[in-house]
Amino acid sequence: MLVGHQPKEFLLAVSGLTVSFDGFKAVNDLSFYVEENEIRVIIGPNGAGKTTVLDLICGKTRATSGSIQFRGQELTKLRENEIVQAGVGRKFQTPSVFEDLTVFENLEISFPRGRTVFGSLTFQRDDTVKQRVEEVAEMIFLKDRLNTYADQLSHGQKQWLEIGMLLIQDPDLLMLDEPVAGMSVSERAKTAELLNRIIKDRSVLVIEHDMKFVEDIAHKVTVLHQGQILSEGTMEHVKNDPKVIEVYLGH
Amino acid sequence: MINSRFFNRSELLGFLALAVLLFLILPLSLDIFRLNLVAKYLTYAFVGIGLVLCWGYGGILSLGQGVFFGLGGYCMAMYLKLEASSVANTKIQSTPGIPDFMDWNQLTSVPLFWKPFHSFPITVLAILLVPAFFALIIGAAMFKRRVGGVYFAIITQAIAAILTILIVGQQGYTGGINGITDLRTLHGWDIRTDHAKFILYFVEVVLLFGCIVAAQFIRLTKLGRILVAMREQEDRVRFAGYSVANFKIFAFCAAAVFAAIGGAMFTLEVGFMSPSFVGIVPSIEMVIYTAVGGRMSIFGAVWGALLVNFAKTSLSESFPQLWLFGLGALFIAVVLAFPNGLSGIWADHVQPRIDRLLALRKSKSAAGMIADGAPAE
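Those protein sequences? They're chains A and B, same order as listed.
Note that the first sequence covers residues 1 to 251 in my numbering.
Note that the second sequence covers residues 1 to 377 in my numbering.
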């Protein structure tokens with residue numbers, strides 16, 4: 001490495017992140033960095049703290065100590081909605097869509113305009129909104145279901161709708177928690193195709209168990225174990241790491 | 001797309017049916033005593049409309065709407081009382097020119113917070129702003145700290161109890177348990193005559209329709225959809241970039257303002273205001289009216305207020321002890337069997353039948369037309 005080389009600007013810099021629940025450290029002194037346009041997959045056994053890491057980044061859980069810098073902005077001090085407005089989008093493990101609203105309305109609510117009380121009172125459903133909603137609906141295979149109430153959708157379709165709701169926000173960092181869990185084989189293939197399309201031009205942080213899926217998309221893999229990083233690198237590197245093999249196969 | 005019109009067909013019918021009932025049928029068929037009772041029932045419809053937005057749509061159950069109803073009512077009563085307490089009217093008091101209960105409590109001048117209520121425009125502003133401000137403070141304190149659901153309901157109920165105790169305790173400033181009574185004129189116009197009651201009834205109905213339109217407007221904006229979204233998936237709304245607390249505060253404030261308008265009209269219609277309309281029991285009754293009418297329906301809330309109060313008057317005249325049990329049983333029945341109240345029953349059972357009947361008639365008349373047309377060919 002060159003002396004005096006400027007440290008590269010990371011999109012997301014997590015350093016010394018710790019959260020403890022009644023003394024139990026779910027995430028323990030964790031540091032990792034995500035670059036622009038990088039696709040990072042977090043894997044690890046159950047209870048490794050994967051979902052907690054996403055919860056910490058998006059503000060759902062407050063860190064006990066440590067820092068999360070996003071484009072130089074400290075996220076640990078922001079509220080959830082401010083983190084979203086900074087450009088971080090999060091998909092939850094179980095599909096969380098608004099079941100009493102139509103597909104169109106679900107996407108419209110996620111459209112990044114009129115997010116204040118007054119803004120939403122004066123919000124107009126103009127052509128820009130309609131076009132964008134239709135565009136996204138097409139991408140998530142729900143173009144002909146725009147007027148369907150979300151509670152009528154299948155599990156896989158709900159997952160797509162939630163991905164669409166993130167997509168319409170156009171976040172710089174997209175966080176996906178097990179996006180293909182519980183899907184049928186054909187839905188899974190379609191989702192992989194969808195994800196491959198939407199991860200362009202942004203950074204993505206994915207939690208996933210499906211190793212084939214991980215291999216397909218990951219630039220870099222982080223293996224978590226008991227709230228700490230066990231191994232990090234390319235899929236090839238991680239797969240051959242004796243510590244990883246020990247944790248996954250040893251017990 | 002969805003809801004491109006302000007009222008859909010069945011809502012328009014509901015609007016017209018209510019307008020015909022309140023503007024024509026009731027004033028033409030009832031004597032002034034009964035009409036005044038209807039006016040009193042309708043004041044609760046204002047509270048109901050607010051609860052539909054706040055509870056039905058936003059999922060925020062407030063068991064303290066009596067607080068805002070009372071604040072609106074007291075603001076109006078303070079204005080009317082000051083006007084009724086002219087020096088000429090109160091010359092037998094030891095301090096003439098102040099409200100009678102102040103004189104009885106050895107006050108010698110009108111307290112500072114009463115002074116703005118000498119002015120009618122300020123009173124009107126206060127009726128709208130005081131409850132909104134109060135709701136803003138409660139809402140900000142609760143929702144910013146993510147207090148919600150049953151905890152919020154309990155706290156609002158406690159506030160209703162506290163306000164009642166405060167009013168009763170501060171007799172010299174509030175009129176105590178008796179409330180503010182012996183109200184006479186509004187801006188020089190005697191509100192006790194039959195004629196005035198007739199006019200006031202229409203003023204109230206016009207205001208009610210104004211509130212219905214305002215609530216419908218809110219419901220149809222994106223804010224209305226965010227309220228529904230919030231009720232189901234609060235976190236998802238947050239992670240769509242919205243401050244959930246601010247939206248809850250807005251819904252709660254809007255409900256408070258509607259309730260306050262109802263309270264102010266109550267004072268005008270009934271001629272007094274007392275803490276018995278502020279506390280826990282009236283607050284819960286207001287929720288029951290809304291639940292019976294249907295918490296998802298603005299018109300349902302109006303019907304609920306009318307019908308339950310009508311039942312209350314007729315039943316409590318004949319069985320005074322049984323009424324409260326009846327009300328409780330009604331609430332349980334509605335919650336268990338008809339969670340969407342009367343409007344739900346209407347939408348699920350009556351409306352489809354009407355639609356089917358209309359469709360049948362249409363197809364019949366269409367068939368008839370073909371039959372008529374056939375020979376001519």
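Please note that the accuracy of each hint is not assured.
Once the Cα atoms are required to be at most 30 Å apart in a straight line, the calculated DSSO-like pairs of lysine-lysine come out as [unchecked claim]:
#, chain 1, residue 1, chain 2, residue 2
1, A, Lys220, A, Lys190
2, B, Lys91, A, Lys60
3, A, Lys190, A, Lys243
4, A, Lys130, A, Lys143
5, A, Lys77, B, Lys144
6, B, Lys91, A, Lys25
7, A, Lys200, A, Lys77
8, A, Lys190, A, Lys200
9, A, Lys60, A, Lys220
Since the hints were derived computationally from the structure, they do not count as laboratory data.
Checked hints:
1. A:Lys220 - A:Lys190: Distance ~23 Å between A:Lys220 and A:Lys190 Cα, so the pair holds.
2. B:Lys91 - A:Lys60: It is violated: about 66 Å lies between the C-alpha atoms, which goes past 30 Å.
3. A:Lys190 - A:Lys243: Given that 30 Å is the threshold and the Cα spacing comes to 34 Å, the pair is violated.
4. A:Lys130 - A:Lys143: holds, 12 Å
5. A:Lys77 - B:Lys144: Judged against 30 Å, a Cα distance of about 15 Å means the pair holds.
6. B:Lys91 - A:Lys25: Not satisfied, since the Cα-Cα distance of roughly 77 Å exceeds 30 Å.
7. A:Lys200 - A:Lys77: holds, 29 Å
8. A:Lys190 - A:Lys200: holds, 16 Å
9. A:Lys60 - A:Lys220: Status holds; Cα separation ~25 Å.
Violated hints for the displayed structure, listed by number in ascending order: 2, 3, 6.
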